[in-house]
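When you get a sec, could you build the whole thing from the sequences and use the hints?
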Amino acid sequence: MKVLSETFNKLVRAGHESVQFRQGQILNGRVMRFFPHDIAEVQIGNQRIIAQLNLPLTANESYWFEVQNSEGTIQLKVLTQDLNGKQDGALSGLLQQLNLPITKENQNLVQFFLKEQIPINAKTLQIAAHWVQDGQSIEEGMKAIKMIFERGWPLNEAIFKAVVSVQSEEPISPLLNKLRTQLTDLQHLNEAKALSNKIDQLFNSDRSQLQKSLLHNWLQGSASDSTTAFSLLQKIGAFPTDTTETNIIVNMIKSSMKANQLSESIGNALLDVIAKNQNSSLPSFLKALVDLERAVGESSSGKLTNVQSLLQSIRTSMTAFPVDEQRLNQFIREYMSSAGKINSININEGAALAITANDFIVKQTGLTSEEAKLFNHLHQNIMSQEINSSQLKDYLKNMMTSLGLSYEHGLADNIQHSRQEALKPLLIALLADEIPSGVKDTASALLNKLTGFQLLSQEIGPIQQLAMQIPFSLHNRATDLSIQWSGRRTEKGQIDSSHCRILFYLNMSKLDETIVDLHIQSRVVNITIINKHEWIETLAPPYIQQLKEQLNNQNYKLSSIRFFKEKKMVNEPKTAVIHEISSNGVDMRI
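Numbers 1 to 590, taken from the UniProt record's numbering, label the letters of the sequence shown in order.
Since the hints were derived computationally from the structure, they do not count as laboratory data. Be aware that a few hints might be false.
Said to hold, decoys possible - Cut-off 30 Å, straight-line C-alpha distance, at most; resulting in silico cross-link-like pairs (DSSO-like, lysine-lysine):
| hint | residue 1 | residue 2 |
| --- | --- | --- |
| 1 | Lys178 | Lys212 |
| 2 | Lys143 | Lys77 |
| 3 | Lys193 | Lys178 |
| 4 | Lys258 | Lys193 |
| 5 | Lys178 | Lys77 |
| 6 | Lys258 | Lys287 |
| 7 | Lys565 | Lys510 |
| 8 | Lys287 | Lys235 |
| 9 | Lys77 | Lys104 |
| 10 | Lys548 | Lys565 |
| 11 | Lys393 | Lys212 |
| 12 | Lys397 | Lys212 |
| 13 | Lys440 | Lys193 |
| 14 | Lys287 | Lys397 |
| 15 | Lys123 | Lys77 |
As the list claims (entries may be wrong) - Here are the simulated distance ranges between beta carbons:
| hint | residue 1 | residue 2 | range |
| --- | --- | --- | --- |
| 16 | Phe504 | Thr538 | 39 to 47 Å |
| 17 | Lys397 | Gln81 | 58 to 66 Å |
| 18 | Ser309 | Ser265 | 50 to 58 Å |
Given the structure is predicted, the values throughout are model-derived calculations rather than measurements. Even for Gly, the Cβ is constructed at its ideal location relative to N, Cα and C.
In structure tokens:
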């Protein structure tokens, strides 16, 4: 995503108000005029300084200087002359002085430092030359070094690689997919298995909705739908394939008791009914049912109907003993659902799936006709659901936690799950193992990208910055959501939602590339939409009224919506369009 890399390159940079001098720093300057006692006026970039020189020089000539002392009067040591604009010779002389090879790449690096007014010293140049030449793109390496100096970050290799990573055009989703594939042959390693599970969770938001729908059908559906739903839950990995429905129900009862969703008396009575039906006599089974009836009757929230109905059916021989396992399971599911005893079920969300929900949709892999019919029905229901703002907020919050973007903060606060469950610590654990070089390269690239997002999400003075890219699965369409936000907070440390500027960059399957510029001033909203399709404006009116009502519900007033056709959007870099729109106040780009 070129728009993301170019936008990050322009992320709230420090201005060059003045040149800061440090001992050992190398400068290129022009001697303007002389004063007594070897004092001279020297122009460094756009700034003129008074400095003491170690040699008599010629006015209006350019030289390379090394800062000898930055306290009080600046002392400059002459390294070599700039040879009247013959820069190649001067650069060669400078590189010789610094014991660096005289190569085109090193000369370009020095020129880049000068152009961007980045402080130069021998150590910095040596380190930068090594990193830049080892990288895939010299240009990206130079940009990364520039950002490191502008932001005042320590000059170390980890930070350099992190900045290069977020400036690259490769989004995070392909990296995650690539690593997931590479980890297939490393499932004997606990770290690799845990990381595979985490990546599956990141991509399977639709699978989570599917699981919830299937669970509802299993617990409360008809007998046939319940059986079909249970089979599907096994095939998508929610339930183990090597166990029975009865075992799942037993575990469900135990976990509900542990979570205080089910009283011990009722839970133990249910477990006793299951056990006595499997390996006991009819009198013992009837006694277990009577005990369950008593336990349910003593519970203020209990439902006696199902229990009494089964008990009467057994006593009158309408139902044979032992009770059919499927019938008994249905009885227990219906009781627990009607009594409101199930708020959650521990499903195998962490399982590494051989088949994902998307595989089912595309291939209908391994499904019976009944399973395919139920699956397609539930999937269509999911596709037709709208995602509200609360769901999106929760998704973004959970995704930031899952990626480990607050991992170090969790370490500082001794939050144990931060070390165990997030993507970043799992990557660190994997890289500490003996793994193939290809896997190591991909895992390192992911780790660098996450670290880069963390670096770009910091407070700089009164300005709070946020920059990230997260995998986003919407109706089985995997993409990346890129977010950049920069702005001031209120006195209470909160974002000022009454005065802000938000910029959305969207690449959608039907509307293609779209830019939405949303400007809020005193809670009055003005929106500009840029898209290459002319018909988008004609389709908008029915949605504008709905938007106006939704904004009113949030105490905002929609003032205007303007549409522009951007003819050159396909051929020109997206950031050219983005940065033509001025940014004042709070600035957010998605």
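Please verify whether Lys287 and Lys397 have alpha carbons no more than 30 Å apart. violated (50 Å)
Taken at face value, is the distance from the CA of Lys510 to the CA of Lys565 at most 30 Å? holds (16 Å)
Is 39 to 47 Å right for how far apart the beta carbons of Phe504 and Thr538 are? Because 21 Å falls outside the window, the suggested range is violated.
Holds or violated: Lys258 and Lys287, Cα atoms, limit 30 Å. At roughly 25 Å apart (the allowed maximum being 30 Å), Lys287 and Lys258 satisfy the hint.
Between Lys393 and Lys212, does the CA-CA distance stay at or below 30 Å? Satisfied, since the Cα-Cα distance of roughly 20 Å is no more than 30 Å.
Holds or violated: Lys193 and Lys178, Cα atoms, limit 30 Å. This hinted pair holds, its Cα atoms lying about 15 Å apart.
Lys123 and Lys77: Cα distance at most 30 Å? holds (17 Å)
Would you check the hint for Lys397 and Lys212, treating anything up to 30 Å between C-alpha atoms as holding? OK: Lys397 and Lys212 at ~20 Å, within 30 Å.
Mind checking the alpha carbons of Lys77 and Lys104 for me, to see if they're no more than 30 Å apart? holds (26 Å)
For Lys178 and Lys212, compute the direct alpha-carbon distance and say whether it is at most 30 Å. holds (28 Å)
Lys397 and Gln81, beta-carbon distance inside 58 to 66 Å? About 59 Å separates the Cβ atoms of Lys397 and Gln81, which means 58 to 66 Å holds.
With the threshold set at 30 Å, check whether the alpha-carbon distance from Lys440 to Lys193 stays at or below it. holds (15 Å)
The structure fails to meet hints 5, 8, 14, 16 and 18 from the earlier list, while all remaining hints are met.
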